[in-house]
Amino acid sequence: MMPFFTMKAIIQRATRGSVTVEGETLGSIGPGYVILLGVRQGDTEEAARALACKTVALRIFADEAGKMNRSIQAIKGEVLVISQFTLYADTRKGNRPSFIRAAAPALAEQLYELYVGALRAEMGPARVRTGRFGAMMQVELVNDGPVTIELTTD
Numbered sequence: 013m014m015p016f017f018t019m020k021a022i023i024q025r026a027t028r029g030s031v032t033v034e035g036e037t038l039g040s041i042g043p044g045y046v047i048l049l050g051v052r053q054g055d056t057e058e059a060a061r062a063l064a065c066k067t068v069a070l071r072i073f074a075d076e077a078g079k080m081n082r083s084i085q086a087i088k089g090e091v092l093v094i095s096q097f098t099l100y101a102d103t104r105k106g107n108r109p110s111f112i113r114a115a116a117p118a119l120a121e122q123l124y125e126l127y128v129g130a131l132r133a134e135m136g137p138a139r140v141r142t143g144r145f146g147a148m149m150q151v152e153l154v155n156d157g158p159v160t161i162e163l164t165t166d
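Quick note: the sequence shown, position 104, residue 116 per the numbering used here, numbers continuous.
Worth double-checking, as some hints may not be accurate.
Claimed, not checked - Below are the DSSO-like pairs computed for lysine-lysine, each with C-alpha atoms no more than 30 Å apart in a straight line:
id	residue 1	residue 2
1	Lys-20	Lys-88
2	Lys-79	Lys-20
3	Lys-105	Lys-20
4	Lys-79	Lys-66
5	Lys-66	Lys-20
6	Lys-88	Lys-66
These are calculated hints, taken from the structure and not from any lab test.
Using the sequences plus the hints, can you model the full thing?
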C-alpha cells in the first residue's frame, strides 16, 4: 500500500540545469530533471522514500515513437534537487504568502536529505546533484518540452 504523503516534488524535464550560491556553482546537470522539493508538516521518512521511488519510476521522456514512455533511469539522465519551502505558500488571505504549512527547517532538511539519499541509492551518487538547504540559490534550467509534473498525493 502506498503511504499517504504530502511532500511535493515539482519535476521539470530539462536539457540542462544548474544551481549557484554566492557565485559558486554547486551542481549542474545535463539531460534529466530539475526538481523543486517541498516538505510539509507531518511528512515522514516513509513518504520521502516513496516519493523518491515514484520520481525514479516516472516515465516522461520520449521513446522511439515520440511518446512519453521512458524513465530517468532508461535515458541515464541526471537530477538536480532544490529545497523549496515556498511550494507550500498559502495565499488565500491577503497578498503576503504564509508558509505555516511548510515543515520546520529541521524536519524539512532531514526529509530533503533522505529523499536525495534515496535517489542516489537508486540512480548512483554521480547522477544526483543538489543545492544548499536553506541558502539563497540561483537556479537555471532549460525546460525540455516544456514538461513540468507535480508529484504529490495531497
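Results for each hint:
This hinted pair checks out: Lys-20 and Lys-88 have alpha carbons roughly 23 Å apart, not beyond 30 Å. A C-alpha spacing of about 25 Å is found between Lys-79 and Lys-20, which places the hinted pair at or below 30 Å, so the restraint holds. The suggested pairing of Lys-105 with Lys-20 holds, with an alpha-carbon distance near 22 Å, which does not exceed 30 Å. In summary, the hint linking Lys-79 to Lys-66 is supported, as the alpha carbons are separated by about 19 Å, within the 30 Å threshold.
For the proposed pair Lys-66 and Lys-20, the alpha carbon gap of about 12 Å is at most 30 Å, so the pair holds. A hinted pair counts as satisfied when its Cα atoms are at most 30 Å apart, and Lys-88 with Lys-66 qualifies at roughly 16 Å.
Checked against the numbered hints above, the structure violates none of them.
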